[in-house]
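First to last, the sequence lines map onto chains A and B.
Under the numbering used here, the first residue of the first sequence carries the number 15, and numbering increases by one thereafter.
Under the numbering used here, the first residue of the second sequence carries the number 5, and numbering increases by one thereafter.
There could be a bad hint or two in this list.
Unchecked claim - With a Cα cut of at most 25 Å, we get these calculated SDA-like pairs of lysine to any residue:
#1 A:Lys318 x B:Leu27
#2 A:Lys109 x B:Val339
#3 B:Lys201 x B:Ala214
#4 A:Lys143 x B:Lys14
#5 B:Lys156 x B:Leu135
#6 A:Lys109 x A:Ala207
#7 A:Lys44 x B:Ile338
What the hints assert, rightly or not - From chain B, some residues computed to sit far from chain A (all C-beta separations above 12 Å):
#8 Asp29
#9 Gly134
#10 Ala144
#11 Ala148
#12 Asn171
#13 Val192
#14 Lys201
#15 Ser235
#16 Leu281
#17 Ala319
#18 Leu326
#19 His362
Calculated from the structure, these hints are not laboratory results.
All values reported here derive from a predicted model rather than from experimental measurement.
Think of the CB as a built atom: it goes at the ideal place given N, C-alpha and C, for glycine as much as any other residue.
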Amino acid sequence: MGPVLETIIGGLMTGMLYSLVALGFVLIFKASGVFNFAQGAMVLFAALAMARFSEWIPQVTGLQGKLLANALAFVAAMVLMIAVAWLIERFVLAKLVNQEGIALLMATLGVSYFLDGFGQTIFGSSIYKIDVGMPKDPIFLLESTFQGGLLVNQEDLMAAAIAACLVGVLAAFFQYTSTGRALRAVADDHQAAQSIGIPLQRIWVIVWSVAGFVALVAGVIWGSKLGVQFSLSVVALKSLPLVILGGLTSVPGAIVGGLILGVGEKLAEVFIGPLLGGGIEIWFAYVLALVFLLFRPQGLFGEKIIDRV
Amino acid sequence: MIYRENGQFKISYRADQQIFPILQDRVFIVAMLAVAFVVVPAFASDYLFRAILIPFLIFSLAAVGVNILVGYCGQISLGSGAFMAVGAYGAYNFFVRVPGMPLVPALILGGLCATAFGVLFGLPSLRVRGLYLAVATLAAQFFADWMFLRIKWFTHDTPSGSVAVSNLQVLGLSLDSALGKYLFCLTVLVVIALLAKNLVRGAIGREWMAIRDMDVAAAVIGIRPMYAKLSAFAVSSFIIGVAGALWAFIYLGAWEPSAFSVDYSFRLLFMVIIGGLGSIMGSFFGAAFIVVLPIALNRLLPQLANLFGLEMSTAGVAHAELMIFGALIVWFLIVEPHGLAKLWSTAKQKLRLWPFPH
């Protein structure tokens, strides 16, 4: 029983990390109907900014203390992400209003190429480290219940906790603030929202900034786990299936989808993987999502798609 | 005054239904073919063939395939790279394992492998559509990446997974020279593009377009969605598979599983969108744009930097290339969302009236 539980717990925590990236997709899709392929590039860009700023800030200002440097770097990276959000809204989205979904999708792909190139031009392209003081050692839990206890990675545990907090904060932001209410109104119906005086452009900037914030948190967590490098943007491709599994329009869907896929992926890798030659993590999530889609085409929590002629 | 249909009377159904009803179009196409088959081989250098013309031809072929699926049938697919890979490895296995297998049948069999794979991964299109489908087709990409890396049978049990073909010949003629490769790719492209053009203006092409415009309405008027969607997946992945096999056999010669990454799927989709959705001609424009742009940037950027007295490293050039590529694509989508084919048809419309304003 021990190993299975261990795998499940590991899966749940990876799943939480995937949901963190997926949240960015869902937020933007809900508010602007854009399927943002640049989310992966945004994660990479934010992580690069964070890593380099935390190096540069102590050098330039001569400040001591890692915590302070990290905090300042985080704020600076956030400001940068807001600037990116504003630029994207101003120069890409505003010009592409009323275009088909596929043109918008391709535009975000173009943005992702641009961000990849831009980020590596100004921040450099080697592998950087983000050190925010996350504990690295694994710990044992429930040693009395199971023989040998459950091996849990402390870093994963922290990351999952941060992700859960973030989701809670976002949910509260959407539910209880007036900006959040405006965002939900825009998500429901652009025209109706505009007609009662909600400024669409500003809402879009806010949504992209929030997505940038989520990307930054995801980038910091993934970056401190794997190191900041180009392959970070592939994490976004891995979290795509859980977006469609949970439903493109549902925030809880992104979380539940992430948990399902994280657990499924880990269990499959451990128990089916050896039969197939290993490495099936890469496509297992996609195939699982496909099977779900065959039964629920709109995803687990997505809004029901109604066809009218 | 030069380009218009006035005065060209059709006196039979055959004449009325031909591919290019306007005489000037026919003359133009014949002239283009003459240039491609005769003039270009006479003047082009080896570098031009290898670096630009052959990739352009092969990607045009793949773009025609993607355009059938995305542009004509409206099923957004991000699995094109996988279809290319399946075509390449399918053709490779037939070519190597069957003794005395000629090249052309191997290519066709590779295309058929891609067809089977494409239809299998096209099945979700019966339930999901739009962006959900786009993500679902990414499954094909990741599955193919894994399959060719991990299942050694496909790569003929080579330890590193990289495979090579040699001694290619068609009808007894060797394909070693760049010119021979160019002419072979050109012939394949012309034949398949002609077939594709005829398919999309026939009954099946109209079914695809009806499905694209609104699949529920199409089903109501008696078009079978399953047949139409799966046939689009089949035809499109056959063409993409043949293109993949050509890319591997003719252009690369030796390749490994990572040769057909998800980046290919994105680039093919770019070609189709920049060229123009739902236009065979547009596929050629798009392929030319996407193939030539990186090469041009690669050569121009260091010179531009020199002009301003800056030194650019190779990595710097690569990053600047990515930036400019991304920015140009966004710019293009903004100024001409309907693609280069739209400019082409606008130009033709203008020519009809020229030199009069109305």
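Going down the list of hints, with the structure as the test:
1. A:Lys318 x B:Leu27: violated, 52 Å
2. A:Lys109 x B:Val339: holds, 9 Å
3. B:Lys201 x B:Ala214: holds, 17 Å
4. A:Lys143 x B:Lys14: Not satisfied, since the Cα-Cα distance of roughly 73 Å exceeds 25 Å.
5. B:Lys156 x B:Leu135: violated, 33 Å
6. A:Lys109 x A:Ala207: Cα-Cα ~20 Å, so holds.
7. A:Lys44 x B:Ile338: holds, 22 Å
8. Asp29: The claim holds: B:Asp29 sits with its nearest Cβ about 29 Å from chain A, beyond 12 Å.
9. Gly134: violated, 6 Å
10. Ala144: Contrary to the label, B:Ala144 does not stay out of reach of chain A, its closest Cβ about 9 Å off (not over 12 Å).
11. Ala148: Non-interface label on B:Ala148 violated, nearest chain A Cβ at 9 Å vs cutoff 12 Å.
12. Asn171: holds, 32 Å
13. Val192: holds, 28 Å
14. Lys201: Holds, because the least Cβ-Cβ distance between B:Lys201 and chain A comes to about 23 Å, which exceeds 12 Å.
15. Ser235: Non-interface label stands for B:Ser235: nearest chain A Cβ at 20 Å, farther than 12 Å.
16. Leu281: violated, 8 Å
17. Ala319: Incorrect as stated: the minimum Cβ-Cβ distance to chain A is 6 Å, not above 12 Å.
18. Leu326: Since the minimum Cβ distance to chain A is about 3 Å, B:Leu326 lies within 12 Å and the statement is violated.
19. His362: holds, 30 Å
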